[in-house]
Every structure is written in structure tokens, then in C-alpha cells.
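Participant: Single-letter residue listing:
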Amino acid sequence: MEKFEGCPGSRMMRFNSRNENDAAPTVGKIKSQLAQWPIQLHLINPAAPYYQRADVLLTADCVAYALGDFHRDYLQGKSIAIACPKLDQGQDIYLEKIKSWIDSAKINTLTVLIMQVPCCGGLLNLAQQAADTAKRKIPIKYVVVGIQGEILQEEWVAA
Amino acid sequence: MEAYLNRGIKEIIEEFPEVEDVLNDYDIGCGPCNVGICLLKDIVAIHRLSEDQEQQLMARIAKAIHPDRDIRVPRVEKKTEAKPKEFKYSPPMKKLVDEHVLIKRWIALIPEVAKDLDLESEESRRLILDGIDMIRSYADKFHHAKEEDILFKYFDENSDILEVMHADHAHARSLVKEMQDALEKRDRKTIAKNLMAYRELLTEHIRKEDEILYPWMDDQLSTHQVGELFSKFDEADQKIGVPTDKYENFINRLENKFENQEG
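For the record, the sequence lines run as chains A and B. All the letters of the first sequence, read from the start, carry residue numbers 0 to 158 under numbering that gives the first Met the number 0. All the letters of the second sequence, read from the start, carry residue numbers 0 to 262 under numbering that gives the first Met the number 0.
So that you can see chain B by itself, here it is in the shape it has in the complex:
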């Protein structure tokens, strides 16, 4: 089992698909991750399970890997009331979580945007251009840049979890670049496909950050570092100068448009 602790999760799931279901039972959603290089031991550590749950999880994984062996899976008392997880963030981390809200509102609109896309109309092309601008300026330049240029520097950038985050950012950028090229060629199919891929990627990426990465980072940061991060984020926001109102208005307009169409 020791050897598996030091192997990437995607590799383990590919070899033993049942491991994905076991992880899902503990709300560890590694299955859809595009990268999957995190080591099993790091995944278990970062999800901060109780000691009992961790023992049970490891026993179930061991059973999935070695079905022929007699492995005892300890019972864990289930809590009678299932409450949604509540996360408490430090102010700089809360800022990043709050920025996710606008990105999630955009992601929620993507299926409507991708449906019946007509690139011959000026209005549709403008919508895609505005959407690309929102991703590039708000999600990437304003939000991801604060993570990459400031937050991640406080941690080991070669760690698996940060490599996964960097890979997600790079993947998002390549999807957007392809969309921009496709728009020039009036290639409706590629734009619709990439919009949906972006939606899937960012949905999972944001969940990983809100529920796993940021709470874990908060545990590691000292009070002094939290204060530093807060000031640096503030300085970066002023320096980058992204007009957040513009993107809120864009999302509000789109939400109203699709709401009215439904009505």
C-alpha cells in the first residue's frame, strides 16, 4: 500500500477504477480532474478527514487495490444530520472566493450562450467577444493573476496541488485562445465546444479552490502572512485596474436576456 501512497491519483484510478467511487463517497472528486498528478497521500492529507474516516478510506482503497487480501474496513459512525460544509476564510482568501461568484454566474449562462449560436449576427459575435473579454480580463488577468503572482508564491510551487492549479489555468487559456481563433473563422462548432469545456473545467477548478485549496492554505498561513496577502491583493487590484462593474453589468444583461426569453 505504501507504494500507492506515492503514486499519482489518475494512474491509480486508471488501474483500479473502483478507487474513484471510494473517493467520491468522501466528497473527494478526483475523477473528473484533467491533470490527476496529485499523490494519493497528499490528497488524503489535504481533505482533512477525521482520523476514523481517514482510516476507513485507506482501508477501502487498500481493498479495492488488493481484493484478494483480507482487509478489515473500520466502521465510522455516520453523523445523523448531514449539514452542508461551511467554510470560513481569512479576508484575502474570502476575496478570491467572492470573485468566483461572478465567474460562476458566467459559467451558469454558458449553455444558453452556446445553444443556437449564430455567428452571422453582429449581436452574437459581440456576445462571444464580450464573454472572451470577461474570461481574459476578469477571470484570468484580475483573478488568476493574483493567485499565480502572489498567493502561490507563499507555497511550494512544485507541489502537486499547485501544479494542478497552474495546469487548469493554462488549459483555460488555451480554450479561450482557440475560441478567439474560431470566432475569426466563424467556426460555431468549436466555440460552442470550447465554451462547454471551459464551463466544465472552471466548475471543477472553483470547487477545488473553494473547498480544498483555500481552506488548506488558510491553515498554513501565519497571521502576518494573511495581512501581507491582503495588502498585496489590494495593491494588485489597483494596479491591474480591471473595471469589475463592467463585467457585472455584462452578466446582469445576459441574465436578464435569458430570463426574458424563458418568460
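Extracted from the complex, chain A is given alone in its bound form:
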């Protein structure tokens, strides 16, 4: 991996070419596990039926590109919203939407998937802030994904 200087969130990097054994399997088509639209946090309605009592994924934009098995290992059976804690405007609206998931849609769990870059931690902070001010308590899990798609950490946050 070649490294370039700068902010870890936007620093340029080129990963060494993966060998043939690293290539994604090509046997059969990989079926999408996405079961809703829209998915961007500004566009979603937190009261939509597919959020009611659901297990919800709140995913940083970059995660699905880095994590090879995102659909099978994380998206399957869950509802989703995506956001970028670094670039998105109007994050106070995000806070209210997450609170609304917890209190009104009565979601079952919230899993926050973020990249390892420091700015991504903002999405987990946002989820925790919303959970702290919500009336209901729910289990929140966070998963930290490395920039080459490896799972670096997967833990429950104290409810």
C-alpha cells in the first residue's frame, strides 16, 4: 500500500494490486439485500413502515464500497440509512430522525457501521446523542471497517 500525507479521512492511498485469489467469487450473481428506497438519511422518512420495530443499519457512505460482504453479512434482514458525518449538512435533522426511529418507529436495534478514519466517529457520536435523548432505550452496536474492507472492531455500546 502506498501512503500519502494529509488528513487520514481524505489522504490518498493506493492499495497493492490484489492477487487472483483475492478476487470476488464470480460463481452466480450476488443478490442485493436492499429492501427499501430511499436510503440517504436526509431523504428517508423515519416513520416508513420498513423501519417499524426493525433492526436498522446506519452506515457511513463509504462502508458499502469497502466491505466486500456488506449485503450478505450486514444488510440482510435489516433496514438502512446512509450518511456522511464529515460532508453532510444539517446533521441536527439526522439527530431528530434517529430519535424518531427509537421513540416512534420503536426500532429493535441500531447498528452503526463506520470507516476507520477519525471523522467517521462522528456518525457513532450522533447515534449515541440521539439515543441519550430518546425516551426508549435500545441496544446499539458499532462496527469499524478498515479501508481495505477488514472488520477492525464490532462491539455493543452500553444501552
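Since the hints were made in silico from the structure, they are not lab data. Please note that the accuracy of each hint is not assured.
Claimed, not checked - Now the stretches of chain B that chain A is said to cover, found in silico as 3 or more residues with beta-carbon under 8 Å: (1) 228–236; (2) 244–253.
As the list claims (entries may be wrong) - Calculated lysine-lysine pairs in the DSSO-like style (CA-CA distance at most 30 Å, straight line): (3) Lys152(B) / Lys93(B); (4) Lys98(A) / Lys87(B); (5) Lys87(B) / Lys136(A); (6) Lys136(A) / Lys103(B); (7) Lys136(A) / Lys238(B); (8) Lys84(B) / Lys134(A); (9) Lys105(A) / Lys84(B); (10) Lys134(A) / Lys238(B); (11) Lys152(B) / Lys105(A); (12) Lys140(B) / Lys245(B); (13) Lys238(B) / Lys98(A); (14) Lys136(A) / Lys84(B); (15) Lys94(B) / Lys134(A); (16) Lys93(B) / Lys140(A); (17) Lys93(B) / Lys134(A); (18) Lys105(A) / Lys87(B); (19) Lys136(A) / Lys192(B).
Just so we're clear, the structure is a prediction, and the values are computed from it rather than from any experiment. Ideal Cβ placement from N, Cα and C applies to all residues, glycine included.
Given chain A's structure and the hints, the job is docking chain B onto it.
Facilitator: Positioned in the frame of chain A, the structure of chain B alone reads:
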């Protein structure tokens, strides 16, 4: 060796006492277990040893069982720094672990309570009644009921490990029942004996749950099931409506009392 994997651990230890020492070396404390019906293979699996450690453990057990055979025990590199095990629990499991804290504080006070017990005094009888109430309402109705009525239903209730947990709960209930009867008869000896037996039973029971059962269960549960359990525990707490403050106050009072006596 295959046949021993499918035998209950108590039976194996009774036949080959050295196996208990071998298990202790890997922090597998099956020796004091009152039930001991868990199969050797399940015990090895549930303790999540590294592959090397598991091979070494099995070789040492095989050597204890067949001392006449030439069994090579593989060496496992010991970690230079011995750190206490750190367990990370899902929120519903963490709730149960947190509930253990008050029970452990009560257990820690039992030797003082059992010592110099004077059942002729109203104060002493009240203390035992309050202690029994704490065990019945908080430890059993509030805590064990969540395990038996909710958590264990997510697993095979006929599995050895859950049978052991049920047996521990039943044993605790019978000790408490005997204490209640003994109190009516002002039988000091039985109360003191049962209090100490309860302390021993629950100390080991809580250790098994905190260090083995709950981490193993967390590994098996899906994210969805964790969310379900969390809500069900919450509903059960509201339904049971045990005044936890009352029991915290009881323990605080007792701790202060014995602290002042020491001072």
C-alpha cells in the same frame, strides 16, 4: 478418548481426580460444581480456548486417563503478561451481569450475618427475614426468572449447561425454603449452615454465568435476538415491579453496620 468426550465431567473427575487439577490450570473450575453433568466435549468447546491450548488440555486429560500410554503433550507458549479476562457483553447480558453485583454484595456479607446469629432477638430475625426476601424477590423472582422465562428459551433447554443452571436455581430455592422453616423453629444452626451453602453455590453460579455462559450465549445470539431480549427484559422488569432500591438500601445498611462493628 472419544468415549470420555461424551461422559459427564463429575463422573470423569471421580474416576480420574487428576483431571480436576488439569482443568483448573485452564481456569475451568468444574470441580466444585454440584451437578457436573456437562459432557467433557461441551466443557472444552464452551470455554473458547485457543486451538493450541485446547490440544494441550486434551493431551493432558488423555495422559491423566491413560498414564500407561505414551501421549505427547504439546507445549503452548505462555503469554508473558497475565491480564485478567475482560468480558464484553451485549446490553441484555450486561443487565444480568449488573444485577449480579447486588447479589454478590449480599453474598459477601453472609459470613458476618451467619456469625453469632441470635434468633432470640427481633433484630436478628428481621435481618434473616430481609435476607430471605432479598434472595426470593431480587435474586430469584427478578433475576433468575428473566433467565428461566426468557433467556434460556433462546437455547436448547435440554443442553447440559442449562440443566446445570436450572439445577443451581432449584438448589438455591430449596436452601431458602429450609431457612424459612428453620427460622420458624428458631433453628440457628440450619440457618447458618444454609446461608453459607447459599453463598458457596451462588458464588460459583455467578462466576459460571459471567465468565462462561453469558459470553457463549452472546456469541450465539443474532443482532435481532439481542434487541428482542433487551425489550423482553425491560417488559419483565416493569411487570415484576421489584423495588430494587429497597434491596440496595438493605445491603447498604448491612454494609454500614458491619463496617462500624469492625471500626
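Participant: Each hint should be assessed against the structure and marked as holding or not.
Facilitator: A quick look at each hint next to the structure:
Evaluation of the coverage hint for the segment 228–236 of chain B: fulfilled, as 3 residues show C-beta separations to chain A shorter than 8 Å, against a requirement of three. With a threshold of 8 Å between beta carbons, the proposed coverage of the segment 244–253 of chain B by chain A is violated, since 0 of its residues qualify and at least three are required. A C-alpha spacing of about 18 Å is found between Lys152(B) and Lys93(B), which places the hinted pair at or below 30 Å, so the restraint holds. Between Lys98(A) and Lys87(B) the alpha-carbon distance is near 26 Å, which keeps this suggested pair within the 30 Å criterion.
As the CA atoms of Lys87(B) and Lys136(A) are separated by approximately 19 Å, the hinted pair is consistent with the 30 Å bound. Of the pairs offered as hints, the one joining Lys136(A) and Lys103(B) holds, with about 26 Å between alpha carbons and a cut-off of 30 Å not exceeded. About 17 Å separates the Cα atoms of Lys136(A) and Lys238(B), which keeps this hinted pair within 30 Å; it holds. Of the pairs offered as hints, the one joining Lys84(B) and Lys134(A) is violated, with about 34 Å between alpha carbons and a cut-off of 30 Å exceeded.
Annotation: proposed proximity of Lys105(A) to Lys84(B) is violated, straight-line Cα distance about 35 Å (limit 30 Å). Annotation: proposed proximity of Lys134(A) to Lys238(B) holds, straight-line Cα distance about 19 Å (limit 30 Å). At roughly 23 Å between alpha-carbon atoms, Lys152(B) and Lys105(A) fall within 30 Å of each other, so this suggested pair holds. At roughly 15 Å between alpha-carbon atoms, Lys140(B) and Lys245(B) fall within 30 Å of each other, so this suggested pair holds.
Of the supplied pair hints, the one linking Lys238(B) and Lys98(A) holds, its CA atoms being roughly 26 Å apart against a limit of 30 Å. Our distance criterion of 30 Å between C-alpha atoms is met by Lys136(A) and Lys84(B), whose separation comes to about 28 Å. Between Lys94(B) and Lys134(A) the alpha-carbon distance is near 18 Å, which keeps this suggested pair within the 30 Å criterion. This hinted pair checks out: Lys93(B) and Lys140(A) have alpha carbons roughly 14 Å apart, not beyond 30 Å.
Between the alpha carbons of Lys93(B) and Lys134(A) the distance comes to roughly 20 Å, so the proposed pair stays at or under 30 Å and holds. Of the supplied pair hints, the one linking Lys105(A) and Lys87(B) holds, its CA atoms being roughly 25 Å apart against a limit of 30 Å. Annotation: proposed proximity of Lys136(A) to Lys192(B) is violated, straight-line Cα distance about 42 Å (limit 30 Å).
Hint compliance for this structure: hints 2, 8, 9, 19 are not met, and every other hint is.
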